[in-house]
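S.K.: Sequence:
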Amino acid sequence: MARQPTNWRLWTKVLVGGIAISVGGPYLTLKLTPSEEEIRSRYNPDLLKKSIEGREERQQEFDDFVTRLKEYSKSDKPIWVVVKEDEEKRKKAIMAAAKVQQMEADTQREQMRREAGLETK
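Per full-length UniProt numbering, the very first residue in the sequence shown carries number 1; after that it's consecutive.
There may be inaccurate statements among the hints.
As the list claims (entries may be wrong) - Quick list of simulated restraints, FRET-style, between CB atoms:
1. Ser-35 to Pro-5: 47 to 53 angstroms
2. Asp-46 to Glu-87: 49 to 55 angstroms
3. Gln-101 to Asp-63: 26 to 32 angstroms
4. Asp-86 to Gly-18: 43 to 49 angstroms
5. Arg-9 to Leu-48: 52 to 58 angstroms
6. Arg-40 to Lys-74: 50 to 56 angstroms
7. Leu-10 to Glu-36: 29 to 35 angstroms
Calculated from the structure, these hints are not laboratory results. In this text the structure is predicted, and so the values were computed from the model without any measurement. Every residue gets a Cβ at the ideal spot worked out from N, C-alpha and C, and that includes glycine.
Please model the entire structure based on the sequences and the hints provided.
M.R.: So this is what it looks like as structure tokens:
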């Protein structure tokens, strides 16, 4: 059986279609997606004010998040294990700080009782 000749017309259509989809799709997405400023310009004034006020805080939170991720990625352990360990450390630090604060409040309360001439426990 003889080999059939290559259908160059078909392959040209396939390549042109593939290039059109590969290049045209992202291009259309880029052009049709509104920028952040365009979205903000459509807000009502109250939402715009809140958005502008909270922008720095959100940016700082994101920067902190990225910094923590970079620190987590330096470890050889899986990231979810490192995150869990870090959360436990933070909880312990918060508990220790609360304990110190409670002790200071108790000390201050006792001192105020002594100054007022009340009995201490």
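S.K.: Next step is simple, just say for each hint if it's right about the structure.
M.R.: Okay, the hints, checked on the actual structure:
no.	hint	in the structure
1	Ser-35 to Pro-5: 47 to 53 angstroms	holds, 51 angstroms
2	Asp-46 to Glu-87: 49 to 55 angstroms	violated, 36 angstroms
3	Gln-101 to Asp-63: 26 to 32 angstroms	holds, 28 angstroms
4	Asp-86 to Gly-18: 43 to 49 angstroms	holds, 46 angstroms
5	Arg-9 to Leu-48: 52 to 58 angstroms	holds, 55 angstroms
6	Arg-40 to Lys-74: 50 to 56 angstroms	violated, 36 angstroms
7	Leu-10 to Glu-36: 29 to 35 angstroms	violated, 44 angstroms
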